[in-house]
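We have chain A already, so just place chain B on it with the hints.
If you read the protein sequences in the order shown, they are chains A and B.
90 is the number that the working numbering gives to position 90 of the first sequence; each next residue is one higher, with no gaps.
141 is the number that the working numbering gives to position 141 of the second sequence; each next residue is one higher, with no gaps.
Everything labelled a hint here was simulated from the structure, so no lab data went into it.
Every residue gets a Cβ at the ideal spot worked out from N, C-alpha and C, and that includes glycine.
Accuracy of the hints is not assured; some may be wrong.
Negatives, chain B to chain A, calculated, CB over 12 angstroms [stated by the list, open to error]:
| id | residue |
| --- | --- |
| 1 | Q43 |
| 2 | G45 |
| 3 | F57 |
| 4 | R118 |
| 5 | Q148 |
| 6 | L154 |
| 7 | L171 |
| 8 | E179 |
| 9 | H183 |
| 10 | A193 |
| 11 | W204 |
| 12 | Q232 |
| 13 | A277 |
| 14 | N279 |
Derived pair list, reagent style BS3-like, types lysine-lysine, alpha-carbon separation capped at 30 angstroms [said to hold, decoys possible]:
| id | chain 1 | residue 1 | chain 2 | residue 2 |
| --- | --- | --- | --- | --- |
| 15 | B | K166 | A | K175 |
| 16 | A | K42 | A | K97 |
| 17 | A | K10 | B | K108 |
| 18 | A | K42 | B | K166 |
| 19 | A | K57 | B | K276 |
| 20 | B | K219 | A | K57 |
| 21 | A | K42 | B | K219 |
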Amino acid sequence: MASYSTSEFKGGLKFMMDGDPCSIIENEFVKPGKGQAFNRVKIRNLKTGRVLEKTFKSGESVEAADVHETDMQYLYNDGEFWHFMDPESFEQVGADKAAVAESAKWLKEQDSCMVTLWNGSPIIIEPPKFVVLNVTDTDPGLKGDTSGSGGKPATLETGAVVRVPLFVQIGEAIKVDTRSGEYVSRAKED
Amino acid sequence: MSPAPRKTDNLMTQSDTWRPSVSLEMIQARAEMLSRIRGFFGQVGVLEVETPICSRFATTDPAIESFATRYTGPAAAQGTDFYLHTSPEFPMKRLLAAGSGAIYQICKVFRNGELGRRHNPEFTLLEWYRPGFDHIQLMDEVASLVNQLIDTPLQVEQLTYAEAFKHTLALDPHTENIENLRHCAIEQGVPGADELNLESRDGWLDLLLSHLIEPQLGKSGMTFLYDYPVSQAALARVREGDPPVAERFELYLSGVELANGFHELTDGQEQLQRFKADNRHRQQSQQSHMPMDESLIEALDAGMPSCAGVALGLDRLLMVLTGINDIRQVLAFDISRA
Numbered sequence: 001m002a003s004y005s006t007s008e009f010k011g012g013l014k015f016m017m018d019g020d021p022c023s024i025i026e027n028e029f030v031k032p033g034k035g036q037a038f039n040r041v042k043i044r045n046l047k048t049g050r051v052l053e054k055t056f057k058s059g060e061s062v063e064a065a066d067v068h069e070t071d072m073q074y075l076y077n078d079g080e081f082w083h084f085m086d087p088e089s090f091e092q093v094g095a096d097k098a099a100v101a102e103s104a105k106w107l108k109e110q111d112s113c114m115v116t117l118w119n120g121s122p123i124i125i126e127p128p129k130f131v132v133l134n135v136t137d138t139d140p141g142l143k144g145d146t147s148g149s150g151g152k153p154a155t156l157e158t159g160a161v162v163r164v165p166l167f168v169q170i171g172e173a174i175k176v177d178t179r180s181g182e183y184v185s186r187a188k189e190d
Numbered sequence: 001m002s003p004a005p006r007k008t009d010n011l012m013t014q015s016d017t018w019r020p021s022v023s024l025e026m027i028q029a030r031a032e033m034l035s036r037i038r039g040f041f042g043q044v045g046v047l048e049v050e051t052p053i054c055s056r057f058a059t060t061d062p063a064i065e066s067f068a069t070r071y072t073g074p075a076a077a078q079g080t081d082f083y084l085h086t087s088p089e090f091p092m093k094r095l096l097a098a099g100s101g102a103i104y105q106i107c108k109v110f111r112n113g114e115l116g117r118r119h120n121p122e123f124t125l126l127e128w129y130r131p132g133f134d135h136i137q138l139m140d141e142v143a144s145l146v147n148q149l150i151d152t153p154l155q156v157e158q159l160t161y162a163e164a165f166k167h168t169l170a171l172d173p174h175t176e177n178i179e180n181l182r183h184c185a186i187e188q189g190v191p192g193a194d195e196l197n198l199e200s201r202d203g204w205l206d207l208l209l210s211h212l213i214e215p216q217l218g219k220s221g222m223t224f225l226y227d228y229p230v231s232q233a234a235l236a237r238v239r240e241g242d243p244p245v246a247e248r249f250e251l252y253l254s255g256v257e258l259a260n261g262f263h264e265l266t267d268g269q270e271q272l273q274r275f276k277a278d279n280r281h282r283q284q285s286q287q288s289h290m291p292m293d294e295s296l297i298e299a300l301d302a303g304m305p306s307c308a309g310v311a312l313g314l315d316r317l318l319m320v321l322t323g324i325n326d327i328r329q330v331l332a333f334d335i336s337r338a
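Isolated chain A (complex conformation):
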C-alpha cells in the first residue's frame, strides 16, 4: 500500500487513520528553532464527517487511502440503496444511507452528483450545487403577492421542504441552492 510522509501533507490529501479514510483540511508545520518538528493537522473523517486534530512527528508516514471523487449520475433508490452510474464506464454503485445522509432530499433521477469512492464503494454523495425540483405541496398563498416577502414552506418532489415566496404554486419547478437549502428562483420550463 502506498504511503505519504508528513512532507507530503497538504489540504485534500487522503489517508487512513484508525481504519477510516480521512482528508486533511489544514496542515501546520510546527518546529522549535532547535528542536523536534511536528505536523499539526486538522482532519475530516470521511466516513463519519467528524473533524478532529492530530499531531504527527515530522518524517513519520501514514498509509494512503484509496479515495477519489468522481461525477456520477443518480439513477434510482430501491428502498435501501441509492444507485449511481459512471457516465463513461456505465459502472453502477449503490450508496447506503450513511453515505447519502442529508443529500437524499436533493437527489433527482438523472442529476449528476459528486461521489466519493473509498476502495470502490461510495462513502459521500454530494448533490449538484443547484437543483431544479417540482413543488408537490404548498399553501395556495395570497394571489397577487409578487414581492416575495414573507414566504411559506413548500414540499418538493424529493421530499425536501424549503421556504418559497408566496407566489410559488403547486406544480411549478423551482431552483434551490443545496448548500444552503434556500430557494433561488422559479425555473424556466423547457
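Structure of chain B alone, referenced to chain A:
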C-alpha cells in the same frame, strides 16, 4: 508566445507566480526595520560584519538540516562539497576569537525541510555577539532593540524554562521522566499524543512547549524563556547547580519564537565533544553525517572572549510587528516564487 510554465512539485500553485507575495507597504516596513536595527547597533557601537554563506563546514545539530551544493573550478578541479549556512554563528565566533570585539550581521540563512506558516527554507537572521555579556545582559539588549523598532515600548517578562513548565503544566522539565511527560501531553489533550513515538525526553519537552506553553508566551509583551535543560544546551555554556542548566534563552512575542541566544560555550574541547555527540545522534536516526567546523574548534582553542550571542529571525519579527500570521506575506518572493 510565452513558454509553458515549468512544473516543480506542488509548490507552484498560483498562476501569477512572477508577482511578489508581499505588498509594497510591507517592503517599505522591512526597509524601515532594517534601517532602525542598523541605527541601534551604530548607537551602541556594535560593528556590522559579513561572513561566508557557503562553507566547507556545516551545522551538526540533528534538528537542523543544511542545503548542500558543490564548487568545481580553480583550486577544486574535481569539485568540493559546500553547505549553505543555517546561521552565521561559526565564522562570527572566529572573528571574535581574532579580536573583532562586538559584532552583528544581517544575512540570509537556509534550512532544509522547513516550510510552513512561520517557516520559509530561506530566511533573514540578525545575529550579534557581545563580549563580556552573559545571557541575562543580552536578553536586556534584545528587549531594548525590539522596543526601538516600535512606537509603544512592550512589557518584558523573564521566565526560566522550569518556571514556564511549572506554571502551565505543573511539572519539572529538568527531572520528570519520559513516561510522565508523555502522560502530561495526553492528559492536556495534545491530539494524537498517545500514538506519538518520540524517543527522547527532549522530544516530549518540545511537544509540550510548542503545543501548550508557546501559545501563551508573549501575549502582553515580550517573554524571555531562559536557563534550558542541559540536554538542550546546543552551543550554550552549562552552569553547574541543582539542577545544572544551559545558559540559553529564547524570545517569544505573541506566541511566536523570535530569537535564540546563548551565553556562549568557549571551551574548544567541550565544543568538539558536542559536535561528535551530534553526529552520533545523526547516525542513530539515519541522518547524514555533517562535516563539523574544525576552524571553530581551533578558534576556541586559540581563545574566544567570554561572550553572549543571539540570533533573531527578522521575517518573524516583521510578522509580529505588522500583525501578519503568514510568513509569505512578509517575503518579496517566498519559496514557491523563488
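Now for the hints, and whether the structure bears them out:
1. Q43: With a cut-off of 12 angstroms, B:Q43 remains clear of chain A, as the shortest Cβ separation is near 28 angstroms.
2. G45: 28 angstroms, holds
3. F57: Check passes; 18 angstroms lies beyond 12 angstroms.
4. R118: About 8 angstroms separates B:R118 from the closest Cβ of chain A, which leaves it inside 12 angstroms; violated.
5. Q148: 23 angstroms, holds
6. L154: 21 angstroms, holds
7. L171: For B:L171, whose nearest Cβ neighbour in chain A is about 18 angstroms away, the distance exceeds 12 angstroms, so it holds.
8. E179: Given that every Cβ of chain A is farther than 12 angstroms from that of B:E179, nearest at about 18 angstroms, it holds.
9. H183: 16 angstroms, holds
10. A193: 7 angstroms, violated
11. W204: Violated: least Cβ distance 9 angstroms, not greater than 12 angstroms.
12. Q232: Label violated. Min Cβ-Cβ 7 angstroms, cutoff 12 angstroms.
13. A277: 14 angstroms, holds
14. N279: 16 angstroms, holds
15. B:K166 with A:K175: 60 angstroms, violated
16. A:K42 with A:K97: Cα-Cα ~26 angstroms, so holds.
17. A:K10 with B:K108: Since the Cα atoms of A:K10 and B:K108 sit roughly 27 angstroms apart, the hinted pair holds (cutoff 30 angstroms).
18. A:K42 with B:K166: Holds - the C-alpha atoms of B:K166 and A:K42 are around 29 angstroms apart, at most 30 angstroms.
19. A:K57 with B:K276: 25 angstroms, holds
20. B:K219 with A:K57: 27 angstroms, holds
21. A:K42 with B:K219: It holds: about 24 angstroms lies between the C-alpha atoms, which stays within 30 angstroms.
Hints 4, 10, 11, 12 and 15 from the list above are not met by this structure, while the remaining hints are.
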